[in-house]
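Number of protein chains: 2
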Amino acid sequence: MIGRLNHVAVAVESVEKASAVYRDALGAKVSAAESLPEHGVTVVFVELPNTKIELLEPYGENSPIAGFVAKNAAGGIHHVCYEVDDIISARDQLKATGARVLGDGEPRIGAHGKPVLFLHPKDFCGTLIELEQA
Amino acid sequence: MIGRLNHVAVAVESVEKASAVYRDALGAKVSAAESLPEHGVTVVFVELPNTKIELLEPYGENSPIAGFVAKNAAGGIHHVCYEVDDIISARDQLKATGARVLGDGEPRIGAHGKPVLFLHPKDFCGTLIELEQA
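Line order of the protein sequences matches chains R and B. The first sequence runs 1 to 134 under the UniProt record's numbering. The second sequence runs 1 to 134 under the UniProt record's numbering.
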């Protein structure tokens, strides 16, 4: 069911500082920062040859990553995102195995403009998994 | 400097259970478990179209991931591995920026038979980074 690793998301206090780490120390190509108020994050994309790292900074008062960043001042890996061909079919297959889908279980439009869902970390090896329709 | 994302490593109490999650719930192709006593882990590879997830279980009494798994009973993302063309050159460039390389700073032969180094999470957005010579 799962396809490509679309991205690894790293949540940080400051995407400006994190960009400098990836650009200047690690020598990677990083995008300009982009704020996505409707998702509560400011994002920078680190472009690797085969996938992306997404650096996320909390934006606004109800950012979904605010709690994580408060607990992890140095930053940390927040989630991984796998692509699926059909997100409804993927969701239904997962639910049939007893796995928990977060929220009301209905896909939302994610930061890339495509339907996404998040899966409960306790059912997936302690890893928060985002599924994105490819 | 950094190239492909070689893998994301997920540390778990049991690769047998974690394999079942990735194979049966997420529908991914997983390898047979392989114990690497010299690295203190038993590993299962989850093959994605563009990269790998490595499921790691502590092996033996001095496993480098034993502490992590003791603290994260459900499992968790342990590190990410980026490929570099020349690990000595990469190390020296990183050290020149003030970044900390773990251990004695000399590359070891990693689980794939190639030279590897680990970088201090506090210098890299709270993320433990492995560099592997491509």
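Mixed in with the good hints, there may be bad ones.
Any copy, or any two copies together, can satisfy a pair, since identical chains are not distinguished.
Here are the computed lysine-lysine pairs in the PhoX-like style, where the Cα-Cα straight-line distance is at most 20 Å [unchecked claim]:
no. : residue 1 : residue 2
1   : K17       : K52
2   : K114      : K71
3   : K52       : K95
4   : K17       : K114
5   : K52       : K114
Don't read these hints as lab results, they were simulated from the structure.
In rising order, the numbers of the hints this structure does not comply with
Hints 2, 3, 4 contradicted; others consistent.
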